[in-house]
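Please take these sequences and the hints and turn them into a complete structure.
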Amino acid sequence: MYLPITHGIAASGDLSNVTVSNLNTTGADLILAFGAYNAGTGFSINDTKMNIWNPLTEISDVAGQTCRMFWSRPNYVGSNHSFNGNTSFGFLTMAIAAFSGSKGTPFDQQNGASQSAGATGFSSGLVQPIFLNELIVTGICLFWSSDPTSIDSNFILLDHIAGVPSVNFGCGLAYKIKRDNAPENPLWVWSGSVSPAASIATFQAIEENQIMVGQQFF
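Position in the sequence shown (from 1) plus 8 gives the number in this note's numbering.
If you're looking for bench data, these hints aren't it; they were derived computationally from the structure.
Keep in mind that a hint or two might mislead.
[Claimed, not checked] Simulated crosslink set (BS3-like; lysine-lysine; CA at most 27 Å straight-line):
1) Lys111 with Lys186
2) Lys57 with Lys111
3) Lys111 with Lys184
The structure is reproduced here in structure tokens:
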């Protein structure tokens, strides 16, 4: 079963680069990085323990707001673990979350959505895990000044930060450990009408040995 280990969030101070510093990732076997940034500026991630990072699909919109999730099944964890995100003047905000309990190749599926029109709520995209006890992680990028302070469907909000115009995008990261195979499409909520982009991904747990088909186990 998945257990949260540590998490953190930070916004860029120079429009391009950001560091989430000095986390203690001891015991983690899955680390996720979520970047909220401007379209076309790219997003890369590295960490002080030199782990390998796997990118998921970038979610972007013509209005500019863009997000991407990376995952790592780390070879090296421990104290004083820092994470560096990079863009090219992308107004980057980055969130990190570490968990224990992942399968050897944990990634299952991803979805995401974006829209140019302003809103005060937005769903991340529908996923339906195949296996029991999967970890579902969702992140959101908000154009400029809003702060994603709430999410429904019993997701646990790990971190959120408000956007600052011409400095950084608003960003939030949340998770849920899924006990069944019902679909999930959580709704993020904030104040102030802005354009959103969201991503959601699922990751298999180490003890999964039963496939759910309908309501039966095999």
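Q: Provide an ascending list of the numbers of those earlier hints which the structure does not satisfy.
A: none
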